[in-house]
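S.K.: Use the sequences and the hints to build the structure in full.
Each chain, letter by letter, is given below.
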Amino acid sequence: MAPMFPTSQPWVEKYRPKQVKDVAHQDEVVRVLTNTLQTANCPHMLFYGPPGTGKTTTALAIAHQLFGPQLYKSRVLELNASDDRGINVVRTKIKDFAAVAVGSSRQGGYPCPPFKIIILDEADSMTEDNALRRTMETYSKVTRFFFICNYISRIIEPLASRCAKFRFKPLNEDVMSSRILHICNEEGINLDSEALSTLSSISQGDLRRAITYLQSAARLFGSSITSRDLINVSGVIPEEAIQSLFSACKSGHFDLADSEVNNVIAEGYPVSQMLSQLYDVIVQAVDVSDEQKARICKKLGESDKVVLHFFCCVTCNLFLLGFSSVWHLCGVFSGFNFI
Amino acid sequence: MLWVDKYRPKTLDKLIVHQDIAQNLKKLVTEQQDCPHLLFYGPSGAGKKTLIMALLRQIFGASADKVKVENKTWKVDAGTRNIDVELTTLSSTHHVEMSPGDAGFQDRYVVQEIIKEMAKNRPIDTKGKRGFKVLVLNEVDRLSREAQHSLRRTMEKYSASCRLILCCNSSSKVTEAVRSRCLNIRINAPSEDEIVKVLEFIGKKEGLQLPAGFTPRIAQKSNRSLRRAILLFETCRVQQYPFTPNQAIPPMDWEQYVAEIASDILTEQSPKRLFQIRGKLYELLTNCIPPEVILKRLLSELLKKSDAELKLEVSHWAAYYEHRMRLGQKAIFHLEAFVAKFMSIYKSFLLSQFAAFG
Ligand SMILES: Nc1ncnc2c1ncn2[C@@H]1O[C@H](COP(=O)(O)OP(=O)(O)OP(=O)(O)O)[C@@H](O)[C@H]1O
Ligand SMILES: [Mg+2]
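As they're listed, the protein sequences go chains A and B. Residue numbering for the first sequence follows the working numbering, starting at 1 and increasing by one per position. Residue numbering for the second sequence follows the working numbering, starting at 1001 and increasing by one per position.
Calculated directly from the structure, the hints in this document are not laboratory data. All values derive from a computational prediction rather than experimental measurement. Among these hints, one or two may not hold up.
[Said to hold, decoys possible] Below 25 Å or equal to it, Euclidean Cα-Cα: the simulated BS3-like pairs (lysine-lysine) are:
hint	chain 1	residue 1	chain 2	residue 2
1	A	Lys165	A	Lys141
2	B	Lys1157	A	Lys93
3	A	Lys14	B	Lys1006
4	B	Lys1341	B	Lys1311
5	B	Lys1066	B	Lys1006
6	B	Lys1280	A	Lys14
7	B	Lys1116	A	Lys93
8	A	Lys18	B	Lys1157
9	B	Lys1280	B	Lys1296
10	A	Lys169	B	Lys1280
11	A	Lys95	B	Lys1311
12	A	Lys93	B	Lys1075
13	A	Lys141	A	Lys73
14	A	Lys93	A	Lys73
15	A	Lys73	B	Lys1120
16	B	Lys1272	B	Lys1330
17	A	Lys93	B	Lys1068
18	A	Lys14	B	Lys1027
M.R.: Structure representation (structure tokens):
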């Protein structure tokens, strides 16, 4: 289906690769799938990896390349987390879809292999059940399953073991840069090399994020984009803010740390981001002994996990307060080990 | 109409704080229609809502202001059975605003059915302009993981016709996958100086005489929440006008109440007192003050009056019970447990002090 207003799509969609060969950095899966295009056969697949690394893109691309626009609807079933109404619904949908038999006839230059593809995107919560395994077995002659998720641990072993597994790696700087440069070229944007490397580092291997930053910066600052502009749109916490929190913690004065933390909260910096940047600062600090660093990082690591549980400013407040005591190695944190 | 509503700036140009963000937003949505999804985050009372409303107006013009509030019930197929999901929406011809978190544990059905349907259906525009609609989702940090997962593909699939504007206090509670699909915009709490500016603007509009130092005092009390500052300002106006330079600034009612609880705790540590406090805590809860907020406030009141030696330990236990509260169901138990814990710490501290001096 061609969108009615193609220009109104954000760049992440506009520059979603349509062909498997254009998927950057995931060489292994690209090789296997290119092979699939020639032999018109493939195993069940499991794609896993962090957001924005090309999982959905790859699955959609291969499906399109195998069947072409004509057959796509009848041969490919795309289910995602928004279709998840419990295993019965998913199973019925799959059953209805898989039941209609297919033949193999090359059509319009597409391989059109004699099976259907079922893409279970965002399968993290869909597959906890053995019922899906039976469905998969029942229809394995006439269907291929593509499971997509962020954490492979969320897919139960009996399912995972039936699939060819591919880990989608966070994109490295070079790959990211070349994709970004391609987009810059298309959009007529100027990006110097410093800005380019900044963009790669702030988006941490997530290409979708990088593209969004790029587009936002382009809208805000015009066609010449600097490293500053990108930092500006990315919401990275400014170095000064981290440093002043750090020194307040170092001081060991409760009230000082308290007011610094309140400031952090009022500024609205995300706790997880704060912790990860704080971590970097500590590792680089020269006035802290290696032993202290090790201890603090261990504590921070724990607190990061904890923050995921607590998810809230109050605790951010307390953790960072606790942090000042970690400095004195009296380990108020130890109380949190219960998690 | 309350001043907070009366003086809510309607357009991006009229904003007094966050001018820079407003100008950026303007650039983001004019000319092209390809702006990414947006996620606004920041402390409450910082002005997110105002920015979002002004942004909608920038996109759709004055018709974005003509909103109607509806209380609707949707029939949702939940797999094994049909359920009714009730939700309040606020909508204009171009946008719909809702808080899917209000559906509680049914929030994923809201996302899977209602939001998906809305995103799918493309608004028909006779002029061929603005062929998309905007869904504003409040408090996305309250959404369950499943609900957030269910948003992901919807955000991609229908991005030709639909933009999402997500709004929350803490972006750490929004999953990485959802954050990765939006431009994240941090709205910081306005500084005290900025709050003063707003108060003075309102004062002028209302034709009030402001004694020197009066608005800064309100700003100081506001905890950098603009909403609270304006509410306080209006309360002061009702209580006593003309203003006097050192006129008392009343705290918000419930905060006053928490302060009382704190002083109850500090004056006596006994089972009987604990029982009385339980009643007071319960009253706060039934008035819909969120338990975490109560705990936080109570902690800060207690810390104010605790000896330095105790602060870390007390904070630690607050964090502990805060965590327990999130895992458990009955917030009151954990609040009470915290109070009991504090009492015991405080009492033994007092005794040791006593022993030291005696
Ligand atoms: N390897 C890649 N090569 C080229 N473009 C990519 C790649 N990875 C991501 N992108 C870009 O990022 C966007 C999002 O990618 P995609 O939807 O495939 O992510 P995903 O891995 O499915 O993430 P999630 O786990 O959040 O669903 C694409 O539209 C594309 O623009
Ligand atoms: Mg995906």
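S.K.: Taking the hints in turn, state whether each one holds.
M.R.: Evaluated hints:
Among the hinted pairs, Lys165(A) with Lys141(A) is consistent with the structure: their alpha-carbon atoms are about 19 Å apart, no more than 25 Å. Restraint check for Lys1157(B) and Lys93(A): the C-alpha separation of about 19 Å stays at or below 25 Å, so the hint holds. Taking the CA atoms of Lys14(A) and Lys1006(B), the gap is about 42 Å. The hint is violated against a cut of 25 Å. Taken as a hint, the Lys1341(B) and Lys1311(B) pair is honoured in the structure, with Cα atoms around 13 Å apart against an allowance of 25 Å.
About 16 Å separates the Cα atoms of Lys1066(B) and Lys1006(B), which keeps this hinted pair within 25 Å; it holds. A threshold of 25 Å between alpha carbons decides the hint, and for Lys1280(B) with Lys14(A) the separation of about 57 Å lies outside it, so the pair is violated. Proposed proximity of Lys1116(B) and Lys93(A) is supported: the alpha carbons are some 18 Å apart, at most 25 Å. Pair hint Lys18(A) plus Lys1157(B) holds up; C-alpha atoms about 14 Å apart against a cutoff of 25 Å.
At roughly 16 Å between alpha-carbon atoms, Lys1280(B) and Lys1296(B) fall within 25 Å of each other, so this suggested pair holds. Distance restraint check for Lys169(A) and Lys1280(B): the Cα-Cα separation of roughly 54 Å exceeds the 25 Å cut-off, and the hinted pair is therefore not satisfied. Under the criterion of a C-alpha separation no larger than 25 Å, the hint pairing Lys95(A) with Lys1311(B) is inconsistent with the structure, at around 61 Å. Only pairs whose Cα atoms come within 25 Å are accepted, and Lys93(A) paired with Lys1075(B) is accepted, the gap being roughly 20 Å.
Distance check on the hinted pair: Lys141(A) and Lys73(A) sit about 19 Å apart at the alpha-carbon level, within 25 Å; holds. Taking the CA atoms of Lys93(A) and Lys73(A), the gap is near 14 Å; set against the 25 Å cutoff, the hint holds. Between the alpha carbons of Lys73(A) and Lys1120(B) the distance comes to roughly 17 Å, so the proposed pair stays at or under 25 Å and holds. With a C-alpha separation of about 21 Å, the suggested pair Lys1272(B) and Lys1330(B) falls inside the 25 Å cut-off, and the hint holds.
At roughly 37 Å between alpha-carbon atoms, Lys93(A) and Lys1068(B) are farther apart than 25 Å, so this suggested pair is violated. At most 25 Å may separate the alpha-carbon atoms for a hinted pair to count; Lys14(A) and Lys1027(B) meet this at roughly 20 Å.
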